[in-house]
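In case you want the letters, here they are:
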Amino acid sequence: MKRPHDASRRRFLKVFGTATGALVVGLPAFAWTPDQLLGQNLFRLGPYVRIEPDGTTVIGARDPEVGQGIRTAEARILAEELDADWPRVIVEPLDLGVTNAGGEPHWAYGHQMASGSTSVPAAWNDLRNVGAATRELLLRAAAAHWKTGVANLRTSRGVVIAADGRKLGYGELAEAASKLKPANAAPQPKTPAQYVLIGQDAGDVDARDIVTGRQHYAIDDWFGDALVAVVAHCPWPGGKLAHLDDAAALKVKGVEKVMTIPAPDPARALGTQQLAAGVAVLASDTWIALQALAKLDLRWQPGTQAAQGDEALADAAATAFAADPAKAVRTDGDFAEAIKRAPHKFAADYRFATVAHADLEPPNALVRVDNQQALIVAPVQNPRATFDTVRRLTGLPPDKITIRLPRAGGGFGRFLETDYVAEAVMLAKAAGKPIKLMWTRAEAFAHDTYRPFSVHKLEACADRKRSLTGWTHRIASTSRLAGREPRARWWLSEMHPDDLPAGLVGNLQYAWFALDSALPRGSYRASSHAVNAFATECFLDEIAHQLKLDALKFRLALLGEPRKLPYRGHGGPVLDTGRLAWVLQLAADAIGWSKPHPQGHGFGLACHFTFGGYVAHAVEVSMEKSRLVIHNVVCAADLGRVVNPLGARAALLGATLDGFSTALRERITLKDGRIVQQGFKDYPLATMAQMPHDVQVILVPSQEHPAGAFDMGFPSAAPALANAIFAGTTVRVRQLPLWAEFMRLL
Amino acid sequence: MPQIPQTPPAGIAPEPIRSGIDCTINGKHFRHTGDPGLPLLWYLRDVLRLTGCKYGCDDASCGACSVLVDGTLKRACTLPMQDLAGGAITTIEGLAGGDGSLHPVQQAWIDEDAVLCGYCQSGQIMAAVALLARKPKPSDADIDAIGNLCRCGSYPHIRRAIHRAADTLRDKAK
Numbered sequence: 001m002k003r004p005h006d007a008s009r010r011r012f013l014k015v016f017g018t019a020t021g022a023l024v025v026g027l028p029a030f031a032w033t034p035d036q037l038l039g040q041n042l043f044r045l046g047p048y049v050r051i052e053p054d055g056t057t058v059i060g061a062r063d064p065e066v067g068q069g070i071r072t073a074e075a076r077i078l079a080e081e082l083d084a085d086w087p088r089v090i091v092e093p094l095d096l097g098v099t100n101a102g103g104e105p106h107w108a109y110g111h112q113m114a115s116g117s118t119s120v121p122a123a124w125n126d127l128r129n130v131g132a133a134t135r136e137l138l139l140r141a142a143a144a145h146w147k148t149g150v151a152n153l154r155t156s157r158g159v160v161i162a163a164d165g166r167k168l169g170y171g172e173l174a175e176a177a178s179k180l181k182p183a184n185a186a187p188q189p190k191t192p193a194q195y196v197l198i199g200q201d202a203g204d205v206d207a208r209d210i211v212t213g214r215q216h217y218a219i220d221d222w223f224g225d226a227l228v229a230v231v232a233h234c235p236w237p238g239g240k241l242a243h244l245d246d247a248a249a250l251k252v253k254g255v256e257k258v259m260t261i262p263a264p265d266p267a268r269a270l271g272t273q274q275l276a277a278g279v280a281v282l283a284s285d286t287w288i289a290l291q292a293l294a295k296l297d298l299r300w301q302p303g304t305q306a307a308q309g310d311e312a313l314a315d316a317a318a319t320a321f322a323a324d325p326a327k328a329v330r331t332d333g334d335f336a337e338a339i340k341r342a343p344h345k346f347a348a349d350y351r352f353a354t355v356a357h358a359d360l361e362p363p364n365a366l367v368r369v370d371n372q373q374a375l376i377v378a379p380v381q382n383p384r385a386t387f388d389t390v391r392r393l394t395g396l397p398p399d400k401i402t403i404r405l406p407r408a409g410g411g412f413g414r415f416l417e418t419d420y421v422a423e424a425v426m427l428a429k430a431a432g433k434p435i436k437l438m439w440t441r442a443e444a445f446a447h448d449t450y451r452p453f454s455v456h457k458l459e460a461c462a463d464r465k466r467s468l469t470g471w472t473h474r475i476a477s478t479s480r481l482a483g484r485e486p487r488a489r490w491w492l493s494e495m496h497p498d499d500l501p502a503g504l505v506g507n508l509q510y511a512w513f514a515l516d517s518a519l520p521r522g523s524y525r526a527s528s529h530a531v532n533a534f535a536t537e538c539f540l541d542e543i544a545h546q547l548k549l550d551a552l553k554f555r556l557a558l559l560g561e562p563r564k565l566p567y568r569g570h571g572g573p574v575l576d577t578g579r580l581a582w583v584l585q586l587a588a589d590a591i592g593w594s595k596p597h598p599q600g601h602g603f604g605l606a607c608h609f610t611f612g613g614y615v616a617h618a619v620e621v622s623m624e625k626s627r628l629v630i631h632n633v634v635c636a637a638d639l640g641r642v643v644n645p646l647g648a649r650a651a652l653l654g655a656t657l658d659g660f661s662t663a664l665r666e667r668i669t670l671k672d673g674r675i676v677q678q679g680f681k682d683y684p685l686a687t688m689a690q691m692p693h694d695v696q697v698i699l700v701p702s703q704e705h706p707a708g709a710f711d712m713g714f715p716s717a718a719p720a721l722a723n724a725i726f727a728g729t730t731v732r733v734r735q736l737p738l739w740a741e742f743m744r745l746l
Numbered sequence: 747m748p749q750i751p752q753t754p755p756a757g758i759a760p761e762p763i764r765s766g767i768d769c770t771i772n773g774k775h776f777r778h779t780g781d782p783g784l785p786l787l788w789y790l791r792d793v794l795r796l797t798g799c800k801y802g803c804d805d806a807s808c809g810a811c812s813v814l815v816d817g818t819l820k821r822a823c824t825l826p827m828q829d830l831a832g833g834a835i836t837t838i839e840g841l842a843g844g845d846g847s848l849h850p851v852q853q854a855w856i857d858e859d860a861v862l863c864g865y866c867q868s869g870q871i872m873a874a875v876a877l878l879a880r881k882p883k884p885s886d887a888d889i890d891a892i893g894n895l896c897r898c899g900s901y902p903h904i905r906r907a908i909h910r911a912a913d914t915l916r917d918k919a920k
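If you read the sequences in order, they're chains A and B. According to this note's numbering, the stretch in the first sequence is residues 1 to 746, in order. According to this note's numbering, the stretch in the second sequence is residues 747 to 920, in order.
It is possible that some hints are incorrect.
Straight line, CA to CA, 30 Å or less: simulated DSS-like cross-link-like pairs of lysine-lysine [what the hints assert, rightly or not]: (1) B/881 / A/681; (2) A/257 / A/433; (3) B/774 / A/253; (4) A/625 / A/465; (5) A/345 / A/625; (6) B/883 / A/625; (7) A/400 / A/433; (8) A/625 / B/881.
For the record, the hints were derived by calculation from the structure and aren't laboratory data. Keep in mind the model is a prediction, meaning the values are calculated, not measured.
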């Protein structure tokens, strides 16, 4: 089918850009009227739907696409309720929806963020109403045309059908429908039995553009009068520029300016400003700018707090554990008393290296800013935070700031930050010209918001029946909230009081200890769930082994009768032990857990509850000389209702492989207070040869509210791999990355 | 009929023909008259605005900028224009037919939904095209040897897509 792609994109953006008053108001969804959802004019609907006379249906996707498949999933949700003809649907990204409410921003489109697998749950609440309300207008237009009642009509694949079989396409009805006033109450959404799109596979809506090279990421956009800016940042955290001689750089033909970026303001939160002091070269193209950058004579003065490597942080953790915790996260029963009497006692320490995001698309931003307006094109996961940063730096009214949301080349938490956008805005303001900021790969590794380093001390005890009676988990970590939130809140990102086995073991202690580091930290794929699940699931495996119990039966016995435990964190309000046990059983069955295992092959299991999703992994490995072969991987997931199974399977598969990659070889190290890693040669992402040929993804059919998918497949992948390695080799690795340590112990 | 003068009026000196590096990109002739050391990556992206060739690194370690030069797979980030005189370059934009019909490898990528974030995929596709030209029936080890990086973990999709494209190309050849 011919897609009027470029033409619609331009028209669409123009239309909703001027449709003031025709936009969605705010959450919660039940407070919206169809009028607010759709605007007054169907022919030129608000942000979410536009139906053209030829029946082409353009759906606006509001959340940033970072590879999680949200554009496809959102459009499927809306198209389902609209009964749209999917082959004639075009999905276009929306900008950040913001209007000016007395000088303050008003978020016009509701949820717009790629973080914590929240987009699909939010879209489920909102976008079904948009689709249903649009369909209701089309039905009424058809009823008026045929002079019949709406009750005599039905819809299917973009067509209204009368009882006698007459048909009118949505495109034919669009103009008439646009003159109708939407009903005051949102129509009832479909019942699940009526679904024709939800629950069915849909390929990524951008796939054709991606495979033809036409898909524009932020890095691919350009303004004709923009200058390319490349930056050298101070390699020492908190440091500043000590010397700059730019004479040689300025002699390079095509170089326009050399500008400095000041050191970050210590009083301002991390992530809302530049990460480090820097010097930028502004030139007519990237290559000229890079050559001139290399000609700068630069000296930096290190900051007052030296960045510490993982070895020094491990020493600091030992000291921290000797003192009282910064936060007693949870205390049930009396662990000290329980372990005193217990016949079986267990203890292990786990350790997790600092890791980088390593998105294939490096930080970049295209910015046009003057005293009237600002336009930002950047890889963005948190558009409102980006908006806040731009607003602070420009002082512009909210409706004069446009944040585009192009597809991003990964994200994984890096693009929740706005440091690179802040840099581009500062440079554009000072230069008086649009700026295309480009970070090199080396800068992206040297200036990230890294996953925190952490040390975990675990102890447990079991009674004579070999049931767990006590559990402690103590974590010392460089909280990612440091520099962002008051110290009293730092524990919140590091440890979740209701994570299992809390609620399953009578005498339980969770405690958190603070470590300080000058390196900026941030959210990385499922955040602390990943490392906490690794420590918990590997320690459970160790205990089962020492008690000579089958790791599956041990875990199932621990989970016990299906019941709902309170869960206060993201993904709550409850954690259903039965749903977790079920995915664990499914994964174990699919990998052949209880069948005879091939000689020399190790099998491992792990499961975790993340952001409302229940996921278990089962992994089968063997060693061929010094090569690890991952033969089989099963990922079983209960994510509630799944909007697009193809997309959910891809997300879970991808998260599994990235979980393995991060666990095997990824590590940021320091030398003389500077980050060593400059590229993929010394930060080895997993290659195809090291990864399994497939991951068998099992999705549990569910009528529960959708939970999203992107992060859930990450936390249990690595511990299942480590448990399989132990089963195959008897080598227990208690740190990540595990490869070097595994080779040392083997 | 009066003849139209064939030479410019006196006082307008014609610009001399500029020397440069001649090459063909996706079937079109280009002459690069700038820095001979300019990497092909930036010529494609910054000069021609062919942005399907992606920047991922500067040391040919990720493969996001993979292109074909005279049918051979190259990484454009470390390939200076001076090495391309007379060369025929194919980028992701040049794979599909002029009528918009997709190359079998591109179609296989869609059929296997080998996307995720998609940033590395144009390089992965070019690497697959080069592999299948050399080995119409590649083994898994041949596919492993491509070595292009994907942070999202789409490798199993890519592997399936390459096998699928190989089947399609062999069927076509029959």
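Results for each hint:
Among the hinted pairs, residue 881 of chain B with residue 681 of chain A is consistent with the structure: their alpha-carbon atoms are about 28 Å apart, no more than 30 Å. Under the criterion of a C-alpha separation no larger than 30 Å, the hint pairing residue 257 of chain A with residue 433 of chain A is consistent with the structure, at around 11 Å. At roughly 28 Å between alpha-carbon atoms, residue 774 of chain B and residue 253 of chain A fall within 30 Å of each other, so this suggested pair holds. At roughly 40 Å between alpha-carbon atoms, residue 625 of chain A and residue 465 of chain A are farther apart than 30 Å, so this suggested pair is violated.
Simply put, residue 345 of chain A and residue 625 of chain A have alpha-carbon atoms about 35 Å apart, too far for the 30 Å limit, and the pair is violated. A threshold of 30 Å between alpha carbons decides the hint, and for residue 883 of chain B with residue 625 of chain A the separation of about 28 Å falls inside it, so the pair holds. The straight-line distance between the Cα atoms of residue 400 of chain A and residue 433 of chain A is roughly 17 Å, inside the 30 Å bound, and the hint therefore holds. With a C-alpha separation of about 28 Å, the suggested pair residue 625 of chain A and residue 881 of chain B falls inside the 30 Å cut-off, and the hint holds.
Comparing the model with each earlier hint shows violations of hints 4 and 5; every other hint is respected.
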